[in-house]
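Asker: Chain by chain, the residues run as shown.
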Amino acid sequence: MSGWQALDQFLQTDPQDVGCDRAMEILDIYVDAVIRQGTDATERRYPGVAAHLRACGPCGEDYAGLLAAVS
Amino acid sequence: MSLAGSTAAGVSRRDPLDAESREWLRCLAGTGRDARSAAERERALARLHRLLLRAAHAELRRRSHPVRIEGRERDDLAHQAADDALLAIIGKLDRFRGDSRFTTWAYKFVIFEVSAKLGRHYWRNPPVQVDGDAWERIPDRFGADPAQHAESRELAGALRRAVTEALSERQRRVFVAIIVDGIPLDALAAELGSTRNAIYKTMFDARRKIRAHLVAHGYLHDEEPRKS
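Residue numbers (numbering that gives the first Met the number 0), protein chains in the order written: chain L, 0 to 70; chain B, 0 to 227.
Any given hint could turn out to be false.
[Stated by the list, open to error] Straight line, CA to CA, 20 angstroms or less: simulated SDA-like cross-link-like pairs of lysine to any residue: (1) Lys91(B) with Asp20(L); (2) Lys208(B) with Gln11(L); (3) Lys200(B) with Gly156(B); (4) Lys200(B) with Phe9(L); (5) Lys200(B) with Asp180(B); (6) Lys200(B) with Thr12(L); (7) Lys200(B) with Ala67(L); (8) Lys91(B) with Glu24(L); (9) Lys208(B) with Pro14(L); (10) Lys200(B) with Ile25(L); (11) Lys91(B) with Gly59(L); (12) Lys208(B) with Gln15(L); (13) Lys91(B) with Phe111(B); (14) Lys200(B) with Phe111(B); (15) Lys208(B) with Gln8(L); (16) Lys200(B) with Pro57(L); (17) Lys200(B) with Pro14(L); (18) Lys208(B) with Ala157(B); (19) Lys200(B) with Gln11(L); (20) Lys208(B) with Gln4(L); (21) Lys200(B) with Asp20(L).
FYI, nobody ran anything at the bench for these hints, they're computed from the structure.
Take the sequences, apply the hints, and build the full model.
Answerer: Okay, here's the thing in structure tokens:
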């Protein structure tokens, strides 16, 4: 991937992205869903949260941390 | 974003409440006034604190942080995170609706505490800034081939112009701090007395405006990433 492609990927925004507050509000529900139903099914069920976790580094870290804590 | 509005997240209640969560609630609520009930609650609080402390230690070890935190400093942070998480959990116990397992809900508090404490900790030992113009290192951040000097210069120049011309002062300040200076988002939120959500929203809008500027000036295509 070239520098331009990486920059473009970084600049892309997903209109479904729910933002940090909403994603963190239901992070525990999302993580339990991932454990019970798998990542793909959970992303389909909560597309706005999935979009946010892909784009937001800090929330992505919290997600990874919570998943590690309960796994 | 549906920052443009709340999501239809479709949250549904887990039912019935699993036995372990029910037991946590029963013990922690400790509504009984007898000594046995009080002792049971104390034991549950101590057990929960041990779980939170273990999770805080694990999370501090897991995180890659600009400043490595080890030894007594990490122990202190872990204890602070576990203590504060326990207080928050007790204060919000009546808000637990059983939509997740109790332990997942509880661990969420300690993970958030670790994040917040790392954000504040950043300013106690900020990384040493490398000399020179930070904008010159921007192509590296996006993986540009160092051998392609012309492309790197063009990318850095175009991005810098977009930041200068397309962003508001607030957006420019936040974008430069995070992308150019490499300050973690939570650390910037702590420094500005803001929130992660507010900073993210500012960055979200900034990314959209910069991309539109780069498209308008022919650096990026409207939909597809530019082919190198």
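Asker: None of the hints should be skipped; say for each whether it holds.
Answerer: Hints, verified against the model:
{"no.": "1", "hint": "Lys91(B) with Asp20(L)", "verdict": "holds (17 angstroms)"}
{"no.": "2", "hint": "Lys208(B) with Gln11(L)", "verdict": "holds (10 angstroms)"}
{"no.": "3", "hint": "Lys200(B) with Gly156(B)", "verdict": "violated (25 angstroms)"}
{"no.": "4", "hint": "Lys200(B) with Phe9(L)", "verdict": "holds (15 angstroms)"}
{"no.": "5", "hint": "Lys200(B) with Asp180(B)", "verdict": "holds (19 angstroms)"}
{"no.": "6", "hint": "Lys200(B) with Thr12(L)", "verdict": "holds (11 angstroms)"}
{"no.": "7", "hint": "Lys200(B) with Ala67(L)", "verdict": "violated (27 angstroms)"}
{"no.": "8", "hint": "Lys91(B) with Glu24(L)", "verdict": "holds (13 angstroms)"}
{"no.": "9", "hint": "Lys208(B) with Pro14(L)", "verdict": "holds (14 angstroms)"}
{"no.": "10", "hint": "Lys200(B) with Ile25(L)", "verdict": "holds (18 angstroms)"}
{"no.": "11", "hint": "Lys91(B) with Gly59(L)", "verdict": "violated (24 angstroms)"}
{"no.": "12", "hint": "Lys208(B) with Gln15(L)", "verdict": "holds (17 angstroms)"}
{"no.": "13", "hint": "Lys91(B) with Phe111(B)", "verdict": "holds (15 angstroms)"}
{"no.": "14", "hint": "Lys200(B) with Phe111(B)", "verdict": "holds (19 angstroms)"}
{"no.": "15", "hint": "Lys208(B) with Gln8(L)", "verdict": "holds (14 angstroms)"}
{"no.": "16", "hint": "Lys200(B) with Pro57(L)", "verdict": "holds (13 angstroms)"}
{"no.": "17", "hint": "Lys200(B) with Pro14(L)", "verdict": "holds (12 angstroms)"}
{"no.": "18", "hint": "Lys208(B) with Ala157(B)", "verdict": "holds (13 angstroms)"}
{"no.": "19", "hint": "Lys200(B) with Gln11(L)", "verdict": "holds (14 angstroms)"}
{"no.": "20", "hint": "Lys208(B) with Gln4(L)", "verdict": "holds (17 angstroms)"}
{"no.": "21", "hint": "Lys200(B) with Asp20(L)", "verdict": "holds (11 angstroms)"}
Consistency with the previously given hints fails for numbers 3, 7 and 11, ordered from lowest to highest.
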